[in-house]
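Student: So the chains spell out like this:
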Amino acid sequence: EAEVAQSPRYKITEKSQAVAFWCDPISGHATLYWYRQILGQGPELLVQFQDESVVDDSQLPKDRFSAERLKGVDSTLKIQPAELGDSAMYLCASSRDRDYGYTFGSGTRLTVV
Amino acid sequence: AQRVTQPEKLLSVFKGAPVELKCNYSYSGSPELFWYVQYSRQRLQLLLRHISRESIKGFTADLNKGETSFHLKKPFAQEEDSAMYYCALGNFGNEKLTFGTGTRLTIIP
Numbered sequence: 001e002a003e004v005a006q007s008p009r010y011k012i013t014e015k016s017q018a019v020a021f022w023c024d025p026i027s028g029h030a031t032l033y034w035y036r037q038i039l040g041q042g043p044e045l046l047v048q049f050q051d052e053s054v055v056d057d058s059q060l061p062k063d064r065f066s067a068e069r070l071k072g073v074d075s076t077l078k079i080q081p082a083e084l085g086d087s088a089m090y091l092c093a094s095s096r097d098r099d100y101g102y103t104f105g106s107g108t109r110l111t112v113v
Numbered sequence: 001a002q003r004v005t006q007p008e009k010l011l012s013v014f015k016g017a018p019v020e021l022k023c024n025y026s027y028s029g030s031p032e033l034f035w036y037v038q039y040s041r042q043r044l045q046l047l048l049r050h051i052s053r054e055s056i057k058g059f060t061a062d063l064n065k066g067e068t069s070f071h072l073k074k075p076f077a078q079e080e081d082s083a084m085y086y087c088a089l090g091n092f093g094n095e096k097l098t099f100g101t102g103t104r105l106t107i108i109p
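First to last, the protein sequences are chains A and B. Reminder that position 89 of the first sequence reads as 89 in our numbering, one-by-one numbering, no gaps. Reminder that position 15 of the second sequence reads as 15 in our numbering, one-by-one numbering, no gaps.
Derived from the structure by calculation, the hints contain no laboratory data. Treat the hints with care, since some could be wrong.
Claimed, not checked - Covered, in the sense of this in silico footprint (three residues per stretch, anywhere, with C-beta under 8 angstroms from a C-beta of chain B), are these stretches of chain A: (1) 43–53; (2) 104–110.
To be verified - One side of the interface only, derived from the structure: several residues of chain A facing chain B at Cβ under 10 angstroms: (3) Thr31; (4) Tyr35; (5) Gly40; (6) Asp56.
In this text, a Cβ means the ideal position worked out from N, Cα and C, and glycines have one as well.
The following block holds chain A by itself, in its conformation from the complex (with noise of 0.2 angstroms):
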C-alpha cells in the first residue's frame, strides 16, 4: 500500500535554532497538505499545495514559517527561527485531486528547547 514518508519522525531543537521537515506523498497526489497537531488538540492546516501552487496558507505564521513544493512532488516546511510554541506534531498528508481521502504520514515530532 502506498504511504506518505515523511522525515525525520523526531527531531529536537533549541530555540532559535532553523528546522526542516520533508514529505515526499503518494505518486499522483496533486494536492499536498501540512498541517499541524498541538498536543491534546486536532490537526490545523498550515499550508495547502495543488502541484507546486499554494491554494491555501492564511494559518502559516509567515514571519517564520515557509514551505515550498518545487516539482509538485515532494515538500520541505522550513521554521525559522524556532519558538518553544512550535512544539508539536508536524502531519503531511496528500490526495488526488479533489478527493477528500487523505492519506496521512507519520509525522514529524518536534521538540523545541
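Starting from the structure of chain A, add chain B where the hints point.
Tutor: Only chain B this time, still in chain A's reference frame:
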C-alpha cells in the same frame, strides 16, 4: 467560520455495549463531514465520510443538518475499536479540512 466540536475528550465503553461519539459543526455552506481514526502507533486514517453512506468496521454516521451533528455510532463495541477519533469538516470546492479536538475511545474488556 468553520468549527467542529467534539464535547467528549475521553469515552469509556464496555465491550459489546453501543458506542456514540458526538460531533457538532458550524458552517454556513454545504458541509461535508468525515470521521478519522488513529489507532495506537498508527497513522491518522479515514474511517468514513458522509457522502459515501457506507458502514466501515461496523461504524455509521448520519449527517443531521437540523442539529448540525454528525455523530459516530456502533451498536456493539469491540476491543479493537479503542483509538483516537477525530471528526472533520470540509466544503465542496475546497479540500481543506477543519478537525475537532478528538475523542479517545477506550473499550473495557
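Student: It remains to establish, for every hint, whether it holds in the given structure.
Tutor: To see whether the hints hold, each was checked on the structure:
no., hint, verdict
1, 43–53, "holds (count 4)"
2, 104–110, "holds (count 4)"
3, Thr31, "holds (6 angstroms)"
4, Tyr35, "holds (8 angstroms)"
5, Gly40, "holds (7 angstroms)"
6, Asp56, "holds (6 angstroms)"
In terms of the numbered hints stated before, the structure departs from none.
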